[in-house]
Every structure is written in C-alpha cells, then in structure tokens.
Amino acid sequence: MVRTYLLLAWTWLRASAQYPVSFALMTLGSFTLTGLDVAGIWIIFEHTESLGGFGLFEVMFLYGTSGLSFALADMLFGNVERLSQHVRAGSFDTMLIRPTGAFIQMATDRFGVQRLGRIAQAALVLGISLPRLDPPWSRMWMVPLMVVCGLVIFTSIFALGGALQFLLTDAPEVANAFTYGGSTLTQYPLSIYGGELVKGVTFIVPLAFVNWQPALYVLDRQDPFGLPYWLRFVAPVAALLLAVAAALAWRAGIRRYRSTGS
Amino acid sequence: MIEVDRVGRSFTVGRGRARRTVHAVRDLSFTVGAGEFVGYLGPNGAGKSTTIKMLTGILAPTSGRVRVAGLDPTRRRTALARRIGVVFGQRTTLWWDLPLKDSFELIRHLYKVDRADFHRRLDELADLLDLGGFLHTPVRQLSLGQRMRGDVTAALLHEPAVLILDEPTIGLDVVSKVAMRAFLRRLNAEHGTTVLLTTHDLGDIEKLCRRVMLIDHGRLGFDGTVDDLRATAPGRESLEEVVAHLYTA
Numbered sequence: 001m002v003r004t005y006l007l008l009a010w011t012w013l014r015a016s017a018q019y020p021v022s023f024a025l026m027t028l029g030s031f032t033l034t035g036l037d038v039a040g041i042w043i044i045f046e047h048t049e050s051l052g053g054f055g056l057f058e059v060m061f062l063y064g065t066s067g068l069s070f071a072l073a074d075m076l077f078g079n080v081e082r083l084s085q086h087v088r089a090g091s092f093d094t095m096l097i098r099p100t101g102a103f104i105q106m107a108t109d110r111f112g113v114q115r116l117g118r119i120a121q122a123a124l125v126l127g128i129s130l131p132r133l134d135p136p137w138s139r140m141w142m143v144p145l146m147v148v149c150g151l152v153i154f155t156s157i158f159a160l161g162g163a164l165q166f167l168l169t170d171a172p173e174v175a176n177a178f179t180y181g182g183s184t185l186t187q188y189p190l191s192i193y194g195g196e197l198v199k200g201v202t203f204i205v206p207l208a209f210v211n212w213q214p215a216l217y218v219l220d221r222q223d224p225f226g227l228p229y230w231l232r233f234v235a236p237v238a239a240l241l242l243a244v245a246a247a248l249a250w251r252a253g254i255r256r257y258r259s260t261g262s
Numbered sequence: 001m002i003e004v005d006r007v008g009r010s011f012t013v014g015r016g017r018a019r020r021t022v023h024a025v026r027d028l029s030f031t032v033g034a035g036e037f038v039g040y041l042g043p044n045g046a047g048k049s050t051t052i053k054m055l056t057g058i059l060a061p062t063s064g065r066v067r068v069a070g071l072d073p074t075r076r077r078t079a080l081a082r083r084i085g086v087v088f089g090q091r092t093t094l095w096w097d098l099p100l101k102d103s104f105e106l107i108r109h110l111y112k113v114d115r116a117d118f119h120r121r122l123d124e125l126a127d128l129l130d131l132g133g134f135l136h137t138p139v140r141q142l143s144l145g146q147r148m149r150g151d152v153t154a155a156l157l158h159e160p161a162v163l164i165l166d167e168p169t170i171g172l173d174v175v176s177k178v179a180m181r182a183f184l185r186r187l188n189a190e191h192g193t194t195v196l197l198t199t200h201d202l203g204d205i206e207k208l209c210r211r212v213m214l215i216d217h218g219r220l221g222f223d224g225t226v227d228d229l230r231a232t233a234p235g236r237e238s239l240e241e242v243v244a245h246l247y248t249a
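Protein chains in written order, with the UniProt record's numbering: chain A, 1 to 262; chain B, 1 to 249.
I should point out that these hints are in silico values taken from the structure, not numbers from a laboratory.
Treat the numbers as computed from the prediction; the structure is a model and nothing was measured.
Watch out, some of these pointers could steer you wrong.
Not the full set, but computed from the structure, chain B residues with beta-carbon under 10 Å of chain A [unchecked claim]:
| no. | residue |
| --- | --- |
| 1 | Ser49 |
| 2 | Thr50 |
| 3 | Tyr111 |
| 4 | Lys112 |
| 5 | His158 |
Chain A stretches covered by chain B per the calculated footprint, using a threshold of three residues with CB under 8 Å from any CB of chain B [stated by the list, open to error]:
| no. | stretch |
| --- | --- |
| 6 | 85-93 |
| 7 | 99-113 |
A virtual CB, placed ideally from N, CA and C, is assigned to each residue, including glycine.
When you get a sec, could you build the whole thing from the sequences and use the hints?
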C-alpha cells in the first residue's frame, strides 16, 4: 500500500514538474500566507500577556503542533476531499476499475508538494517555541507522538468528509467545517473557547487530542476545564478509533456509490 | 465467464414529494461463456452502462447475483480488476499529463505485471494498434483515435481473461474504427479473450459479434445471433432498421 502510494505520488510529481514556476510560487505562497497567522498571534500578544491563560511561546507551540499535523495530513491525504468533483467528472469510476484502493488513488491524485511551504512554516514555529519553553526531556517523547496522532485525526476527518460526499455530492463544505475549521480551532488554546465546545471536541470529534490534551502534559499545565489527567495520554486511542470509524464510513460510502449517467 | 442472475438496480432520484425510484435494471439474467464475443445493445437510458458498472464492481446491484471471472465484483473489486480489462469510450483511464509510455509503466506496477511479460505484451499491442508514433506523447495531446488505442492497450497489458468495452468506437473516424475492429477480432480469436461490448454502431455488431443481447427498460429483450436478430423483423433491409424496430416495439 505504501509502495503504491509512493509510486502514484511520484508519478503526479513528475507530471507537475512540467510547471516548475507554478510549483515555486505556490510553495512560497503557502509559506507566506500561513506566516500571516503567526503575525496575527504576535499582534495579539502585543496587547496582552496571555491568551486563555497561555503565554506567547505556549500558544506558538500549540500552533506549531496543530499546523504540522494538519499540513502533513493535507499534503498526504487532503485530496480525498475532492471526491464530489471526481464523482461528477466520472473519473471516480476509472479509479474503481484499477486494482488499488480508491482512497490511495484519491489521496495521490494531482499530488503536489506545494504544501511543503505550510509544513516548513509550522515546523519553524514549533522549532522557535520549543527551546524557549524548554520542557523537561522526560516529557519530550509526547511531541512527535502528538504530531502523528494529529496527522491521523486530521486524515480521518478528511476521509469522513470524503465518505460524506458519497451521500451529499453537493456539500464538500460540510467537511471543510471540520478539517479547516478543526485546524483553526486547534491553533489556539482551547481555554479561550466555551466549556461545551471543548467537551464536544474532546468526546465527540476528538480534536482536543490533536494537540491540546498532549500539550497540557508536555507543558505540565493544569486542565482549565478540570477534565481528568489521564486524558492527556489517550490521543493514540482517540486517533485509532476515529481512523476505524473513517475507514468503515469510506467503505460504506463506496458501497452506496451511485456513479453518474452514461 | 460472466454470470448475471436476476439482477436489479434501482436509484432513488429527486427530493421531497418528487422523490421516486427508478429501476435502471430489473430482473436481468444472462451468462457469457469463455471466448465469446457479445454485443450489448440498447437505446440510451436502457441500462447498458448500469450493467457494465455492476459487472466491473463500480456499482453494487440492489438485488440478484453477479459473477465475473468467478468473483463477486462488489466484494472483490480490486481482485477482479486484475482479471478484467475495461475501456470507457467516453472517458480515458490514462494519466492526462503523462506520456503514454509512462501511463503504461504505472499500470505495469499497479497490476504487478512481470517486466518481461509487460514488454512482450506492449510490443505486440504497439505493433497491432500502431502506437509507435505517439508512445512518448502526453495523453492530453493525443487525438481521440490515438487516445482510444492507448486506452485499449492499457486495458490489455495485464492480459485479462475478460475485456469489457463501453462504446469503444464512439467518435472514431472510419479508418480508426476499421483498425479497432480488426484488432478486437484478432484478440478474441488468437488469445481467446472474452469480449463484451456496448455500442450504438451496428457496424461493430455485424463485423464482430457472434451473439447480441438487447436490453430495453432494464430488461433483456433479445439474446441470440445476429441472424436471429434479423429474423425478428423480416423484410427490413438493414440491421439498423431491425434494431430500431425492436427498440420502439
């Protein structure tokens, strides 16, 4: 499966290499555009000492981990959100007659590394914040783990959004609310949001495990909402459950696929 | 090789009060044996494409049982893909921006075709379908006739036992059409590949198919040889008139 993914991704990369200027501009564009996010955070901290009880570098840490997870998920699997386009164009039919899962073909379709700009930007923010926060080495193991869990969670949401489009071919925006919305939400400390919302993203759509709960552990902070301490360690479980749900939804979606005329 | 047993497929269309169920295919049964060359005819909207999509695993039937090359297409879609070749005349399965040869290389990997087998097969197909002049041209720059030859090659590189063609001659000029027919006949005769072909071009049927099935309103209206088909409407001159008669009957 990994081999097939790499092969298809490489093929698309070669195809897009015919347009090197476009590649360079888009990479630079995504780096700059997302850089504006950080400028936004800087401006907020010009006026205040803390955001939801968290300092500048803590917020940058949350931003960096969320951004890295999201940008990786987006680059590797984000294309599955274009399902309804493929359904309407009929190109989804041609994916189904090949001896490879449709998910991998969707994910690699028009694969491009333009999103490397965003990945680099998020990694840079994380790289700046971590030394300033200087968490104890004994807690650092959580950082790569949380990025991977975040990647799995965002990928699962992309897949769920794709699966939803088998039912509602006109509504990819519904999925965007959870993918791009989830990415924006987790860029800030959840303590700036209401308790009900935080319960929702902890127990229903597990966005709190992208970075918030694991970050409380890394930063050794009290949970502002008084949720149990063990929640800080269940990100892998939450990510796995969501991934299983997404895989089942995707399969069910393909079973219900109706194709188009002709 | 293909077994279709009391298969139905319905769609719910419209919303609210306008909601209704359309039966694209109903109670359809037929079998196609190994090595047969079968034409599948029907007016627009009769259920041809729906049938093809159920045979290839794209659509799940609402009722009944389908077996292609011994496999249930819905449950074993990717396994089935290795045993069948599919060509859609209306759309390409090739990679738009890649040279034809690169698309073929990719297919070799996806279908896990042995390198020696692949080259032998590609040489043979390139020769028969005269691909030499445009193997290194990106697909988007190919003419329709060239692209169709590329698509047929792509569907055959893994030496499938069954070839399913959905309007393979649509839009082709006379020269390409004649070449395509000669190729398909030879493929069926020499390799024993089972072929099922939908078309609106009765020339395809007359030149290629020993057996014709005709579907109308989701049901099989005729199944027999081309001569049997002619005999259903004696006195009519061309096969076109016979088929038109059957469609409107």
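Checklist entry - Against the structure shown, which of the earlier numbered hints fail to hold, in ascending order? => result Checked against the structure, no hint fails, so every one of them is satisfied.
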